[in-house]
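**Student:** Here is how the chains run, residue by residue.
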Amino acid sequence: AQSVTQPDARVTVSEGASLQLRCKYSYFGTPYLFWYVQYPRQGLQLLLKYYPGDPVVQGVNGFEAEFSKSNSSFHLRKASVHWSDWAVYFCAVSIRAQGLTFGLGTRVSVFP
Amino acid sequence: GPKVLQIPSHQIIDMGQMVTLNCDPVSNHLYFYWYKQILGQQMEFLVNFYNGKVMEKSKLFKDQFSVERPDGSYFTLKIQPTALEDSAVYFCASSLLTGGYAEQFFGPGTRLTVL
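Chains E and U, in that order, are what the protein sequence lines are. Under my numbering, the first residue of the first sequence carries the number 1, and numbering increases by one thereafter. Under my numbering, the first residue of the second sequence carries the number 1, and numbering increases by one thereafter.
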């Protein structure tokens, strides 16, 4: 069965610094991959999604992610973090047509 | 952007009682989902629903669970009877399309506590 691992439960970063959130997936083929963000008291919002093709995917609010088949990874990056990026970030994989398989999430705290 | 609403945000009930969780999906969406997240664990797929039918369900979708969307109103998850292990946050989602690439829009969740 497919699985998603986000090895960092919490990340703390200074405003203006760069951010990388790690995601590893387990699946034999090439899956569809997603990054979602959850702000306090809100539902999950899609940041970006990967379809087979260009390995670097651009998302909203300056986020991008890079797919690596050899490393089974889909890491999320942002060059300069803003205080409003304080949230929980979820990596997810979709293999069948229906449900998403999520990682545990990474809680990002941003300090001035 | 499109929003999915969930009612109530919190629900506390006694074990053995029935509970109905309500979801107001994005208006033109056709596919509906429920996910369950136990505290400290991953969000897990429960079920998806289309055209009045359950399309797929996971092993977490016990016999005590049921879903429906009568006459295009709320998409509901009913648990009858509830058990202590049903305590979790339940997220509803909807999508216009299906397929591995389809974007699902999520609600803020309903926190269910079974005493």
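Keep in mind the hints are simulated off the structure, nothing from the lab. There's no promise every hint is true.
Taking CB as the label site, the calculated pair distances span [to be verified]:
hint	chain 1	residue 1	chain 2	residue 2	range
1	U	G1	E	V56	20 to 28 Å
2	U	I12	E	S80	24 to 32 Å
3	E	V11	U	E103	22 to 30 Å
4	U	L115	E	A17	21 to 29 Å
5	E	N61	U	L115	37 to 45 Å
Beta carbons: idealized from backbone N, C-alpha and C, even for Gly.
**Student:** All the hints need checking, so say for each whether the structure fits it.
**Tutor:** Okay, the hints, checked on the actual structure:
Restraint check, U/G1 to E/V56: a C-beta distance of roughly 24 Å satisfies the suggested window 20 to 28 Å. For the hinted restraint 24 to 32 Å between U/I12 and E/S80, the CB-CB distance of approximately 43 Å leaves it violated. In this structure the supplied range 22 to 30 Å holds for E/V11 paired with U/E103, their Cβ-Cβ distance being about 25 Å. A C-beta distance of roughly 44 Å is found between U/L115 and E/A17, which places it outside the suggested range of 21 to 29 Å.
A beta carbon spacing of about 40 Å between E/N61 and U/L115 agrees with the range 37 to 45 Å that was offered as a hint.
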